[in-house]
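Please model the complete structure; the sequences and the hints are all you need to start from.
Below, each chain spelled out in residue letters.
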Amino acid sequence: MTVSQSIFHHTAIPFAVLDEEQSFIDFSKQWLKEFDLTPKIEGKYFFEVMPELPEELKSDINYCLDGIEHRSYTKRLILPNGDLVWYDWKISSIHKDDMSTPSIMIILEDITNKMREEELLVKSQEVARVGGWEVDLVKNTIYWSKMTKEIHEVPEDYIPNMEKGISFYKEGRSRETITRLVQHAIETGKPWDTELEIITEKGNKLWVRAIGEPEMINDKCVRIVGTFQDINKRKQIELGFNKISERLSIATKTAGIGIWEYIIPNDELFWDSNMYLLYGVKETDFKGVYEAWESCIHPDDIEQINGEVNDAISGTKDFDTIFRVILPSGKVRWMKGEATIIRDLEGNPIKMIGVNEDITDLKTTQLQLLKSEESLQATLENSSVGMALVDEDGRFMDVNQSLCKSLGYSKDELLKLTFQEITHPHDLEKDLSLLRKLIQGNISTYQIEKRYFNKTGEIVHVLLSVTGARNIDGNISHFISQIVDITPRIKSEKKLKGLLELSTNQNNSLLNFAHIVSHNLRSHAANLTMISSFLTDETLGEEERKDSLSMLSRASNGLNETITHLNEVVQVKLETDKKLKPIHLSYITQKVLMDVQALIEKNDVQITLDVPKHFEVKGVLAYLESVVLNLVSNAIKYRDPDKKAAQVSLKAYENGENIVLQVTDNGLGIDLEKHGKKLFGMYKTFHRNKDARGIGLFITKNQIESMGGKITVKSTPLVGTTFEVILLKA
Amino acid sequence: MDILGTAYVVDDDPIHVFGMQLLLKKIKFSKEVLVFRNGQEAIDALLESLGKGETLPSIIFLDLNMPIKDGWEFLDDFVRIPHHNREKVTIYVVSSSIYPSDEEKAKKYQVVSNYIIKPVNEHELTQLLGNLGCLND
Chain A
1 MTVSQSIFHH
11 TAIPFAVLDE
21 EQSFIDFSKQ
31 WLKEFDLTPK
41 IEGKYFFEVM
51 PELPEELKSD
61 INYCLDGIEH
71 RSYTKRLILP
81 NGDLVWYDWK
91 ISSIHKDDMS
101 TPSIMIILED
111 ITNKMREEEL
121 LVKSQEVARV
131 GGWEVDLVKN
141 TIYWSKMTKE
151 IHEVPEDYIP
161 NMEKGISFYK
171 EGRSRETITR
181 LVQHAIETGK
191 PWDTELEIIT
201 EKGNKLWVRA
211 IGEPEMINDK
221 CVRIVGTFQD
231 INKRKQIELG
241 FNKISERLSI
251 ATKTAGIGIW
261 EYIIPNDELF
271 WDSNMYLLYG
281 VKETDFKGVY
291 EAWESCIHPD
301 DIEQINGEVN
311 DAISGTKDFD
321 TIFRVILPSG
331 KVRWMKGEAT
341 IIRDLEGNPI
351 KMIGVNEDIT
361 DLKTTQLQLL
371 KSEESLQATL
381 ENSSVGMALV
391 DEDGRFMDVN
401 QSLCKSLGYS
411 KDELLKLTFQ
421 EITHPHDLEK
431 DLSLLRKLIQ
441 GNISTYQIEK
451 RYFNKTGEIV
461 HVLLSVTGAR
471 NIDGNISHFI
481 SQIVDITPRI
491 KSEKKLKGLL
501 ELSTNQNNSL
511 LNFAHIVSHN
521 LRSHAANLTM
531 ISSFLTDETL
541 GEEERKDSLS
551 MLSRASNGLN
561 ETITHLNEVV
571 QVKLETDKKL
581 KPIHLSYITQ
591 KVLMDVQALI
601 EKNDVQITLD
611 VPKHFEVKGV
621 LAYLESVVLN
631 LVSNAIKYRD
641 PDKKAAQVSL
651 KAYENGENIV
661 LQVTDNGLGI
671 DLEKHGKKLF
681 GMYKTFHRNK
691 DARGIGLFIT
701 KNQIESMGGK
711 ITVKSTPLVG
721 TTFEVILLKA
Chain B
1 MDILGTAYVV
11 DDDPIHVFGM
21 QLLLKKIKFS
31 KEVLVFRNGQ
41 EAIDALLESL
51 GKGETLPSII
61 FLDLNMPIKD
71 GWEFLDDFVR
81 IPHHNREKVT
91 IYVVSSSIYP
101 SDEEKAKKYQ
111 VVSNYIIKPV
121 NEHELTQLLG
131 NLGCLND
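Residue numbers (the UniProt record's numbering), protein chains in the order written: chain A, 1 to 730; chain B, 1 to 137.
No lab work stands behind these hints: they were computed from the structure. We treat Cβ as the ideally placed atom computed from N, Cα and C, and that holds for glycine. Any given hint might turn out to be false.
[What the hints assert, rightly or not] With a straight-line Cα cutoff of 27 angstroms, these simulated DSSO-like cross-link-like pairs (lysine-lysine) come out:
1) K546(A) / K31(B)
2) K25(B) / K546(A)
3) K678(A) / K107(B)
4) K678(A) / K105(B)
5) K108(B) / K674(A)
[What the hints assert, rightly or not] Listed below are several chain B residues computed to face chain A (Cβ distance under 7 angstroms; list not exhaustive):
6) I15
7) F18
8) L22
9) S96
10) K118
In structure tokens form, the structure reads like this:
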């Protein structure tokens with residue numbers, strides 16, 4: 001059978017008809033065009049004309065010639081020259097009846113270009129991780145492409161529905177947004193393109209770009225098609241970048257840091273918004289050239305800055321400087337500038353990128369600090385109060401003139417010393433213990449009255465205030481000591497106290513004297529009056545008169561004796577101002593013991609003597625002798641006859657600026673509760689001893705006091721008595 | 001007159017004691033005059049008399065300034081004697097002290113009837129005896 005050429009010849013379909021021998025019977029113009037052939041192929045063998053076709057096509061032609069009705073296929077073929085070709089074919093057997101010769105019609109298309117595009121699309125979708133989807137609102141079905149499913153991390157056989165699709169969006173903003181957009185699209189036909197977060201089937205959080213295009217028929221949405229893209233990586237980077245740049249912007253803004261960039265060859269200067277704030281310049285007023293910046297700089301700093309910029313560009317020195325700018329308001333601000341030079345491969349400078357920071361506050365503080373440091377130094381130097389910085393070991397780090405003056409050392413000498421070395425030993429521990437408390441942080445400052453020794457060894461009384469200075473870690477770095485020299489005050493206080501004591505003593509003596517006069521002299525006077533009245537009384541007998549006469553002589557003797565005693569006391573008082581001389585105490589004690597040797601032996605008294613030979617006291621020789629003699633003879637006189645042996649011990653020891661002589665006995669003792677007050681009074685006796693005259697201790701006390709000393713007593717009846725004579729060290 | 005029983009003279013001054021004894025004897029002040037050289041001796045004697053059930057002295061002449069136990073201490077001890085009879089004892093402080101403070105202090109003791117400043121004379125003692133006679137009536 002023949003096919004009329006006229007029917008298909010002009011169709012735009014590349015087709016051909018082959019006979020049983022697989023030779024061309026007919027073909028369309030499009031065939032010739034498609035395969036670049038001429039009409040001369042008619043009658044020629046198909047595979048001779050077109051050798052480079054897939055094997056599958058050969059088989060399909062054979063199948064159809066054998067009677068199979070249709071074959072169609074799409075096949076990719078790589079040509080010997082390496083080109084990739086896609087063919088798509090459809091073959092139909094033309095069999096009118098069993099008698100006719102079989103022939104076939106073949107439509108063959110080179111779909112290489114089309115396939116390439118499709119392949120690219122798929123590839124690119126894969127690479128871009130773009131999936132497709134479609135919602136049929138009429139049939140209420142939903143379709144997800146393979147990639148869409150992959151993005152959702154669901155299996156390939158997953159069957160989505162509208163509700164499930166929405167539920168993948170992250171709760172909150174993402175889900176609300178997509179619901180609203182879909183709703184809106186269905187109602188108004190408005191497409192969407194948005195970036196939202198989903199939670200995949202496996203629970204991963206992803207950013208996706210969702211695009212939806214509704215299709216409307218008669219104002220009714222029938223279908224929405226769209227894409228679904230995994231943009232997580234990009235989004236993360238973007239979000240990260242946003243965060244960083246925001247942070248940077250906040251940081252630079254709060255720190256008052258401006259960033260600038262200068263394109264060197266073009267003389268173009270770019271400022272960020274902070275720079276405008278820092279310079280107080282309006283963005284519109286800034287010309288964006290080097291000169292525009294230069295015009296902001298303080299005239300005194302321009303030369304230096306230009307030099308430093310040139311040095312930086314030439315690579316001599318990094319740009320890192322401080323300069324002043326003048327704001328349009330006329331205010332001067334301090335700027336710190338730093339910059340880096342960016343160079344091309346040849347090392348030519350292209351750009352200078354840098355920062356400016358307003359350091360006016362810092363600079364002001366620095367200046368103030370400098371000023372206050374200067375004034376502190378001046379205060380330290382010129383203060384009338386002694387001041388010192390002392391390190392943790394007590395070494396003087398710095399001292400002022402006032403302290404040097406108080407202590408008599410030069411500054412250099414003091415700086416080689418510690419405060420411990422010049423502190424009076426009795427005051428050291430209380431100072432150190434307070435210092436320890438300060439170091440431990442229990443107290444922050446302390447004030448004490450203490451004594452130093454000056455260079456010549458004299459005592460200097462001071463009022464010391466110590467404050468701890470702490471370093472940045474909170475540990476003590478050093479101490480600040482203020483030392484007020486109160487020696488003159490103490491001296492005058494002592495003098496005053498001495499005067500007061502003296503006048504009190506004198507008052508007491510006067511009072512005592514008044515008592516003595518009233519009691520003792522008056523009693524004698526009264527006796528004399530009474531006796532003389534007897535002598536004139538004529539009624540008395542001869543015997544009584546005679547007795548009265550003898551009584552008269554006793555009374556006048558008593559009066560005489562009392563006056564002698566009083567004179568002794570007055571002598572002691574009068575000679576208070578006598579110059580005291582250094583006297584060896586042991587010399588006195590030995591002499592006294594020799595003087596009472598007979599008494600000691602007679603009464604079998606055991607004497608213990610412990611007075612170091614080198615002890616020297618300030619005193620009057622005669623007084624000291626009398627004092628010791630009185631105490632020793634008292635101790636013997638008032639011995640306890642019930643005890644086997646009377647014991648008297650003389651012992652001396654040092655106590656600060658004093659030497660103390662202790663006279664202890666094991667005698668009768670005195671009830672001090674009863675007699676303590678009267679013990680050193682005149683004519684006081686406490687024992688039934690016929691030698692007791694009640695004058696010894698009274699004079700002893702006066703003598704001791706006239707030598708600047710004191711006497712104290714401790715006693716227990718029937719156990720013994722201890723007198724302590726406190727004398728001044730020579 | 002001789003109306004009183006016993007009189008105590010408590011004084012450590014032998015001259016004063018001599019004078020007192022002479023005067024008391026002269027005006028026949030009491031049947032008996034006992035002398036003590038300090039407060040302790042006098043207290044001891046009082047306690048001994050009480051212990052024996054004897055009558056206490058009608059009058060005590062008391063000096064202030066004495067060794068061992070002075071007049072003040074004697075007074076302190078005396079008021080503590082737990083016997084109502086002591087209320088019949090009249091005490092005169094006899095002192096050479098012209099200190100007003102001594103006289104004031106002495107008068108604070110209820111048992112002290114008067115304060116006599118030495119020297120004591122015959123006229124004074126006679127008057128005193130007269131007063132005591134009135135009281136005893």
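Results of checking the hints against the structure:
no., hint, result
1, K546(A) / K31(B), "24 angstroms, holds"
2, K25(B) / K546(A), "16 angstroms, holds"
3, K678(A) / K107(B), "22 angstroms, holds"
4, K678(A) / K105(B), "18 angstroms, holds"
5, K108(B) / K674(A), "20 angstroms, holds"
6, I15, "4 angstroms, holds"
7, F18, "5 angstroms, holds"
8, L22, "6 angstroms, holds"
9, S96, "4 angstroms, holds"
10, K118, "4 angstroms, holds"
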